[in-house]
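*Asks:* Could you build the full structure based on these sequences and the hints that come with them?
In the order they appear, the protein sequences are chains A and B. Counting in full-length UniProt numbering, the first sequence runs without a single skipped number right up to 466 at its last residue. Counting in full-length UniProt numbering, the second sequence runs without a single skipped number right up to 183 at its last residue.
By construction, these hints were calculated from the structure, which means they are not laboratory data. Where a beta carbon is used, it is the ideal one built from N, C-alpha and C, also for glycine. Accuracy of the hints is not assured; some may be wrong.
[Said to hold, decoys possible] Ranges of calculated distance between the beta carbons of each label pair, as one might list FRET restraints:
id, chain 1, residue 1, chain 2, residue 2, range
1, B, P161, A, P325, 44 to 54 Å
2, B, E86, A, A391, 54 to 64 Å
3, B, D80, A, W336, 33 to 43 Å
4, A, A230, B, K183, 44 to 54 Å
5, B, D80, A, D327, 20 to 30 Å
6, A, N92, B, K84, 31 to 41 Å
7, A, N73, B, E86, 32 to 42 Å
8, B, S96, A, K91, 46 to 56 Å
9, A, A323, B, A122, 23 to 33 Å
[What the hints assert, rightly or not] Derived contacts from chain A toward chain B, CB cut-off under 7 Å, selection only:
id, residue
10, F71
11, D143
12, N145
13, Q146
14, G296
15, Y298
16, G302
17, N304
18, N315
The chain contents come next:
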Amino acid sequence: MRKIYLILLLAVSVSGLTQNKQVLYNFTSVPQSLLVNPGTDISYKYYFGIPLLSGISANVGSSSFSAYDLFANNGVDFNTKLRNAVNKASKNDVVSVNEQIELFSGGFKLGGRENKGYISFGVYQEADFFMYVPKDLALLALDGNQKYIGKSFDLSQLSVKAEVLSVFHIGYHKKVSDKLVLGGRAKLYSSGLNATSTKNSGYIYTGMSNTTMYNQIISSNLELKSSGIAEYLEDDYNGSIASDIAHKTFLGGNYGVGFDAGITYYPKKNIQFTASVIDVGFIRHSKEVENLTYKGYYQYEGVNPNFTNPNKPENVFDEFEAAIPRDTLYNKYTTWRPVKFNSSIQYSFGESRLDEECNCKTHNKTEYLNGVGVQLFVMSTPRTPLTALTAFYRRTLLQNLQVKATYTVDSYSSKNIGFGFSTTLGKFNLYAMLDNILEYKDITKANSATFQFGLNFIFKENSEEN
Amino acid sequence: MKPYLHNMFLRLIIVAVLFCSCASDLDFDQTKDLTLEPVIVANLTYFDVKASAFVDNGTEQNVFFDAKDFDVFRDSFFRDNLKKAEFNFEIENTISRAYIVGMVFLDENNQVMHDTEINVPAYVNTPNSVKHTDVFENQTLDLLKKAVKLEIRITMLAGTPLTADSSGNLKLRSGATLYFEIK
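*Replies:* Here you go:
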């Protein structure tokens with residue numbers, strides 16, 4: 001019972017956001033932008049990321065309350081803050097965390113000068129946590145049912161997913177013509193840990209009654225599917241969870257496949273359209289699988305001394321367990337990756353004159369210094385998809401310093417300003433991006449924060465000509 | 001190489017500024033102060049006894065029910081976190097006799113941990129409903145937590161004799177209000 005309260009608390013206190021990478025998207029001087037659109041118009045002779053440092057990204061936030069709301073060191077009682085946070089939240093508020101670290105990555109151009117095909121590949125580790133705020137259950141834990149006679153506490157609000165996985169991927173993109181770039185990426189997922197409980201239903205109800213004091217019903221259809229977790233919950237487990245998860249993430253035996261696809265198209269020289277779909281794929285969980293269910297209907301009446309039925313268990317615990325048994329199943333199951341869709345349209349202007357002194361590079365492609373446009377991001381969730389709309393401005397400053405600023409409207413914030421830059425010193429590329437800049441005056445009050453950071457070595461396509 | 005170094009320096013400053021942010025002092029140790037104080041209401045016991053049950057072969061009798069399991073405190077969650085309890089009884093009598101309804105909470109060794117007696121007046125054409133509340137705190141609560149059985153005894157007081165055909169019922173419904181403090 002205590003455990004349930006702890007889990008509830010944890011659920012309410014962890015904060016997070018979606019996987020929108022609005023600054024990185026279509027940031028063509030950063031190879032990692034291929035991970036958000038395999039059809040990004042990017043060229044290189046070859047590149048490789050500095051192992052473990054080429055792509056680090058994290059995403060935290062919460063659509064209703066911030067870390068400050070809960071943990072501020074301001075003398076207000078924690079219980080009061082928790083209560084306020086729960087009251088502020090609605091059942092559609094989301095709490096999610098996403099983190100990605102590239103272990104290694106690289107890419108190269110195929111064949112001779114006439115070949116316009118590029119390969120990119122790598123391995124990254126990803127952790128996802130996504131849940132809706134189970135407001136009814138939080139209220140029940142905080143207040144009990146006394147204040148809520150006649151109310152049904154909705155168990156379907158319990159919706160949570162957690163996953164730690166590694167992704168092995170290889171992608172290919174080709175400049176089909178001056179106007180069109182197509183790309184795709186195949187992915188092999190290896191799941192180290194999965195917990196999914198998204199199809200719950202039922203209610204807990206207390207009303208008034210005539211024969212008994214209350215009419216108390218628990219109707220439960222709860223299911224938690226998990227793989228790779230059971231071991232840690234055993235009493236005699238004494239290993240290191242972190243290293244065991246890391247080990248299983250690569251050799252766990254729960255595998256899946258998926259793909260990304262993307263396109264860049266120039267209807268006119270200075271108009272660019274892009275679109276991508278990321279993580280269309282599934283993972284089949286067959287090893288270390290454990291599915292817990294609580295399914296049943298129980299009406300609690302209390303002790304009735306003149307009712308004798310020898311077949312009916314006499315005490316409330318046995319009665320409850322008979323009505324809503326805890327079953328453990330070991331069925332294999334499949335989870336779908338959250339699918340992400342990105343699209344953008346960009347208008348470019350201000351032709352580059354940086355290469356004027358050295359006209360030896362006979363580019364038939366005009367380089368523009370500025371670009372403005374809009375982007376759309378949609379991600380699938382257990383309920384309605386999450387959507388974000390971004391307006392952006394990108395500019396090339398100095399030589400080899402690209403910057404991009406974004407303004408995003410989504411369910412977490414209506415004034416999310418992001419900024420990113422990428423700079424190349426010789427072959428060395430450094431990029432950093434973050435969003436919710438307005439909140440940086442006090443990051444703890446932000447409802448969400450995202451950053452990406454990475455280091456690469458990029459050998460440009462034209463470097464052989466220098 | 002020199003301009004590169006110069007640029008590099010500038011750029012490092014830009015990076016440093018970018019990652020510079022203010023943050024309020026957060027105190028995650030506060031979670032230790034977490035105290036949940038839910039108030040739960042639940043059914044306790046109920047019965048509905050007909051007047052005829054107090055007559056056996058023409059002789060009046062009291063009704064003593066067999067002791068029933070009452071073992072919510074078998075669960076350590078209840079033992080550890082319950083800070084206060086209230087038992088609310090409501091009795092409705094439509095029999096023309098007065099009663100004493102006794103609730104006896106017994107421990108494993110059949111020792112009385114708590115005993116409540118509720119006086120119920122006889123029915124005289126108008127329905128009467130008796131309400132009674134027991135509050136358990138500190139020592140009384142500690143005793144209650146040892147209870148594993150509940151015995152209900154209905155003693156009939158003197159009055160107009162009942163027959164097997166006498167009308168009326170003695171009804172009881174009751175609920176518990178449990179005040180938890182979960183740390």
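*Asks:* Any hints this thing doesn't respect? Which numbers, in order?
*Replies:* 4, 9, 14 and 15
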